[in-house]
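6 protein chains.
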Amino acid sequence: MSTQLPAHDSIVFFNGSLMPEKDVGIPIRDRGFIYGDAVFDATRTFGGRTFRLKEHIQRLYNSLRYLRIDPGLDPAEMERWSLEVVNHNHPLLPPGQDMWVMQRISRGVESSEPGAAEQPTVLIESHAIPFARRATLYRDGISVVTPSVPRIPPRFLSPRAKTHNYLNLIMGDLEVRDTDPNAWSVLLDEAGNLTEGRGSNIFLVKDGTVTTPRGQFVLEGITRGVVLDLAAGLGLPVAETDLDLYDAYTADEAFLTSTSLCVCPIGKVNGAAIGQGTVPGPVTQQLMTAFSDLAGMDYVEQYLAHLPS
Amino acid sequence: MSTQLPAHDSIVFFNGSLMPEKDVGIPIRDRGFIYGDAVFDATRTFGGRTFRLKEHIQRLYNSLRYLRIDPGLDPAEMERWSLEVVNHNHPLLPPGQDMWVMQRISRGVESSEPGAAEQPTVLIESHAIPFARRATLYRDGISVVTPSVPRIPPRFLSPRAKTHNYLNLIMGDLEVRDTDPNAWSVLLDEAGNLTEGRGSNIFLVKDGTVTTPRGQFVLEGITRGVVLDLAAGLGLPVAETDLDLYDAYTADEAFLTSTSLCVCPIGKVNGAAIGQGTVPGPVTQQLMTAFSDLAGMDYVEQYLAHLPS
Amino acid sequence: MSTQLPAHDSIVFFNGSLMPEKDVGIPIRDRGFIYGDAVFDATRTFGGRTFRLKEHIQRLYNSLRYLRIDPGLDPAEMERWSLEVVNHNHPLLPPGQDMWVMQRISRGVESSEPGAAEQPTVLIESHAIPFARRATLYRDGISVVTPSVPRIPPRFLSPRAKTHNYLNLIMGDLEVRDTDPNAWSVLLDEAGNLTEGRGSNIFLVKDGTVTTPRGQFVLEGITRGVVLDLAAGLGLPVAETDLDLYDAYTADEAFLTSTSLCVCPIGKVNGAAIGQGTVPGPVTQQLMTAFSDLAGMDYVEQYLAHLPS
Amino acid sequence: MSTQLPAHDSIVFFNGSLMPEKDVGIPIRDRGFIYGDAVFDATRTFGGRTFRLKEHIQRLYNSLRYLRIDPGLDPAEMERWSLEVVNHNHPLLPPGQDMWVMQRISRGVESSEPGAAEQPTVLIESHAIPFARRATLYRDGISVVTPSVPRIPPRFLSPRAKTHNYLNLIMGDLEVRDTDPNAWSVLLDEAGNLTEGRGSNIFLVKDGTVTTPRGQFVLEGITRGVVLDLAAGLGLPVAETDLDLYDAYTADEAFLTSTSLCVCPIGKVNGAAIGQGTVPGPVTQQLMTAFSDLAGMDYVEQYLAHLPS
Amino acid sequence: MSTQLPAHDSIVFFNGSLMPEKDVGIPIRDRGFIYGDAVFDATRTFGGRTFRLKEHIQRLYNSLRYLRIDPGLDPAEMERWSLEVVNHNHPLLPPGQDMWVMQRISRGVESSEPGAAEQPTVLIESHAIPFARRATLYRDGISVVTPSVPRIPPRFLSPRAKTHNYLNLIMGDLEVRDTDPNAWSVLLDEAGNLTEGRGSNIFLVKDGTVTTPRGQFVLEGITRGVVLDLAAGLGLPVAETDLDLYDAYTADEAFLTSTSLCVCPIGKVNGAAIGQGTVPGPVTQQLMTAFSDLAGMDYVEQYLAHLPS
Amino acid sequence: MSTQLPAHDSIVFFNGSLMPEKDVGIPIRDRGFIYGDAVFDATRTFGGRTFRLKEHIQRLYNSLRYLRIDPGLDPAEMERWSLEVVNHNHPLLPPGQDMWVMQRISRGVESSEPGAAEQPTVLIESHAIPFARRATLYRDGISVVTPSVPRIPPRFLSPRAKTHNYLNLIMGDLEVRDTDPNAWSVLLDEAGNLTEGRGSNIFLVKDGTVTTPRGQFVLEGITRGVVLDLAAGLGLPVAETDLDLYDAYTADEAFLTSTSLCVCPIGKVNGAAIGQGTVPGPVTQQLMTAFSDLAGMDYVEQYLAHLPS
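Chains as they are written, first to last, in the numbering used here: chain A, 1 to 309; chain B, 1 to 309; chain C, 1 to 309; chain D, 1 to 309; chain E, 1 to 309; chain F, 1 to 309.
Please note that a few of the clues may not be correct.
It does not matter which identical chain is meant; a pair holds if it fits inside one copy or across any two.
[As the list claims (entries may be wrong)] Okay, derived cross-link-like pairs now, DSS-like style, lysine-lysine, Cα gap no bigger than 30 Å in a straight line:
| # | residue 1 | residue 2 |
| --- | --- | --- |
| 1 | LYS54 | LYS22 |
| 2 | LYS206 | LYS22 |
| 3 | LYS22 | LYS268 |
| 4 | LYS268 | LYS206 |
| 5 | LYS268 | LYS54 |
Keep in mind the hints are simulated off the structure, nothing from the lab.
Let the sequences and hints guide you as you build the complete structure.
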């Protein structure tokens, strides 16, 4: 498949065809806008190659199923168009950069006629990962703060579906960042267990065991799954289990994972240094190295290359 | 203020100026779209005149404050531009119709640069109320079903802020409407108390007392407030209190309120007829009449005029 | 042991002896009637032979222990009298039919004298399974709806004891059946996890793994245990775990189990088709076949033989 | 209406007619027996005269409505038959005694045919109040213990409906009485607030204010309502509000109310003496006197007359 | 009563007599130390005169009652000894200073013999209020942060009893102060409602109404009660009600009260400025003035006099 | 290291040195006293030899970390000083006796100066185990009662940290012991699961499987861990899992573990006999024997030797 779109413009897939990104707008009565009635997923590239794209798209279709939205494309088509977008847009980035490719599907424009079927809105777009903004995190460790707003539990809206309803996580961010602009929020659940940050999963390491919150209460990150596999492959005991602030404060090491962060060490939780206070700890370092090997690229070096000199 | 926009086109206010609606799209990385990180409010017209516009805008500014978004306009400007939109667009409707005017403010396009300030996206638009689709409700009463998904409680995200995160309410709707396409969902809270439907408040009448759920757990509808005032003015005892399914099943009468519905009788809750099974009950009828008087127009007649013949 | 009771009458065991069913009534002040202060268990026959009777009676004695009722008979006697009832009553059924045999023990008649010991009421009775009423379920799949009333959690009254207090489950049924008369209710718990229906357990199948809610939150069905064993015997991964509506909506297959249903496929949950929408799915079919093999009879055929022609 | 029933036998109303009590049994598959799927109410007599019978029957019909049972009789008929039972049976009591008259309505015998309508079972019966067993309570005060099993909250099954599902309250009783045979249980709710005992409401008095738990969480006793009215009539501040063990332990006085107890002082809660440790306290005494005046009989004297000599 | 203690030493009351503070130590197995099994109360002086001492002591005796500790002194004695301590110690302070006087009663030394009665430990001591450390709060407003650790609800341990178990509040403080050393924590409850800080109550002002959390969920501060009375006396509507972060973020004004702070304005909650961002707001100012009038001393001036020059 | 302290006096380690116990008092403003802001741990001796001292000290340092207290000593020093205290004090006991050695570290004296660092208070002391008071427990079994006050859940204050805040457990004890002076309280959690008693863990045995509540909700006793290991070593299936009163009432055996009790059989729970009513049951007996073997001493015999003759 080839596209005749201008090579110097970023393109997107929008409702069936590739278009210059600058020509696309979301209808003002699209339910994705007025209600956040939409799902998305995000894959990152390493040197321009997507990583675990199929798994991300599988998760996207579970999100769609949860919201009873039929995207009108099957997973193979979704994957193919995503690669088209990457292949066109990645060469437009400066050298050494990488990007996310995101699929976003809303239920479509609010219908005004009784019984009128909604046509889903389907968008596939890409944009650059902000390496420079995050570089110091790999040197100093992330400062995690647990805000007072808890994560919405599954019975109200499952965190396993990746939707356009992010206000609960954003309320956590606002609370934390207006107190400490450099802190990252990780929300507790109603039982006081750690859940997730905005787009990230948290891991603790204690006495050599690698643990992370149970899958029912968080978006089950693809990177989270990769790291659990890597840890098992390294012979480390792993567990998906309830973890609370006692676990965090007494942990030896801690780190966040996300599609773009991969594995990034945590330095402090609520102002208390984790473990001996140096990052990354030895187990975290092992996992970072193993992840780079798997991704085929030293992703930590890519981040650290953006440190302010 | 005058506008030179084509008289035959609906217009909207968008980021500082009036524009033809057809020319406006939401940026694909607007946080209102990708996160539902936005607030809105909606006022209706009666014969082209807005009703309680100031109160709606005051609630809008409380929603903004809750999300820490500065819209860049003060309430008086927001009101003025809203009236401009109404004054231009209402004459475009067929005779006898009315509409909503809605203000929508998002935090703006996701910034990619560190520390870059976000510019809010501000939209004011109007659209027609679907009288025909709803006409039978005033004749037969609404069939309310309480879905198994409960309403998100205030500690996770306050229902008092009217935001673009509607998925919890939509999950309730999907559950109910795929079982009974004509039913309206009203969600319970985690304690089993009635909360609200998608955009509506519920009232019960028992032994002459008019009750509605407490304001902390619902969007405090402007119409809800008007009805509480009207009931008090009619000498009826009123209470904002916890109401559960025992209250609903043993009530004498029940009704929903919303900006566009005003007061509309409920016929059944979960398949059980309310009271003697005829709608509207006498207290509901009193309130409907009083509301029409206040609105300066027989809104029930306006709905019933659209009954299929 | 032989009984001299009229061969043409159904008999029951009542407080120590076998009697014609028509001669037995429960005292009006029996605590089983006025408080539901009683326990029961139910075994079904396959071609007149009881299945897992010992396990059912063991569960019955756990229920008794939970309520601190001493039935005055030991488990072996309870089993022996149950078989007497079956052996007398099964021949009275039309050919090809089967039945439940149920033990019911209440704390006895409310004592009016201080300190008077209560004498338990012990009843063993049988009655026919309504094959005709359920035949279409095996062809079309069950339509499951989760009502808004949640299942009473163990801390208030343990669902593991099979008692005469069924109103919570009945409230769920009323809510669901007055909306859709053909739907079966499965209640959620307070965390939004699936629990059980009135007398049935629910299973999901996803990516080949067979899952069912944890035993603490449901009556641990004997058939549920059999199916877990059968699945393991077939080499399928099994798990007793928390399952919510996200799991149900994204499952590949789903089915209910009960003493009389054995394994019966689910077609829809809250109006959303499960998996590809055809029933039974392949794993469910495997389990149905395995169950028939174990029961020594094609129970599905027995149901389907009652389909209206 | 006259009845030709033997004057020396207690009679009951059963499914449409008056019958000797000894001739009546509940069918073994009556849903009132097998599921506790039934409601009831209980009125007491004072010198043979019923007290607040109309209010009890009104509450009965609310319970019926909650369970969607149609008794086939209207409230006036239910009242008339209740009086028939009283008028026949009260003269059979020894002198100076009084009794309860109870209406019990179940959904009827479990139907075995699809779509067969259930016929409700309607029973009205009376029996003597155990004055002797309770006499010491009025002298010494009741010893209240709060068991660890909490009261089922309204979202699972409303305590405002008086049903045949009493196991939650009975579990509380068993726990308490097997530790202290003379103690009465009053269950806490899930928030640790006092709710009710088996058939009784609790009141606290502090600094002259009379308080009792909120009506949504308990059966709203008719006597409870009478006492609130009496207290208000005596010029005492009254409140229906959340009350926890801090309130109980720091109260000046406490008492239970029920249809048969009327007002009875509490001496201890969980082994801690209430107030100054003498019963009844002055406010309780005022209310006991006022209740006797209203009932037209010194009910405390009636109880104390049964003290062992 | 006169004491012969050295005038230049602070004294305390300890287990029956006045002693130099420097001579007193708590036994190492005192339950007040090893379990926090003790209660206390604290009154402040204004120009050396105690304020509402009787009310503080009444609250102390409710706390004792809740824990079933008998102090061996009656309230009048407790008050008299407290005044002795104040009268001796206040003259030892520098001019212009004031102090707390605190009663602390533990259950006494852990008994090692079976059945040995515990002897309570009774301590009355005083110490200086840190005016200098707090002076800027009155100029800039307090920065309140709600930590992720919620306040222990009443069912586990009532906050209305002022005990030596402060770790829950201290965990909140640690979380907040290691992020922002100048912030004060105010804990939310499990429903997300504001409760209290370590020793302080929170008030919000919105549209002229003065509100504070309900008394069941906080230590009901004596100053809190005074302020509610003062507000009512000024003709302001007051309410004790559930208040959450939506209320805080949309409030016009906010302030803390405590025995030593009296009324002190809040400037920010979780980094968001309250109201127009200037402190104190007009209603808060009114209440501060009224409090000074009642205390007979300009307490704000006393604080501000300690501002660093 | 040698100490020159009087041989006939018990000694303690206090803030850096060994001292006669009688010379030590806790400062009246020590946060360990006024707030319970302190942690501790307790090891017992068997024939004068400490058991698992290193594990206890490791747990102590986790508790310190949770509360952000730096004791100023490392674990090896803490262990060494603890042994010094034991070695000096154990010979002072009568023959055949044993004792606890306890480390207690508080945050130190409340600082009155802004920014002043707190100096922790460090105490190591020992005292005799009350064998005589407990001897009958090993003969008759412990009578366990679950009070209505539930255990504080981890989100408010983690039970895994062993702190000086014991009032929640003490409230449970008061409630139980003022009803039955010989009963031991074991608190439920908010979900109705068994947690722990004051200083003890509970185990159930059912069908040969040994179970105990999950570690997140209790202090993870060192003895609890030893018993889990012993059971596994004996080939018994073990599980850390949620256990409620249904499990307790239907268990075959039950026992408590603690540092000083080791393994002690439970005879009744809430007045209901466990299993066949004889103690210890066979599995419990196996574990008691195995524990004695491990401790190098028949600890049961040591207890039973103190039975009243």
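Status of the hints after comparison with the structure:
no., hint, in the structure
1, LYS54 to LYS22, "within (28 Å within a copy, 37 Å between copies)"
2, LYS206 to LYS22, "neither (49 Å within a copy, 41 Å between copies)"
3, LYS22 to LYS268, "neither (41 Å within a copy, 41 Å between copies)"
4, LYS268 to LYS206, "within (15 Å within a copy, 37 Å between copies)"
5, LYS268 to LYS54, "between (34 Å within a copy, 28 Å between copies)"
Figure legend: structure checked against the earlier numbered hints; hints not met, in rising order: 2, 3.
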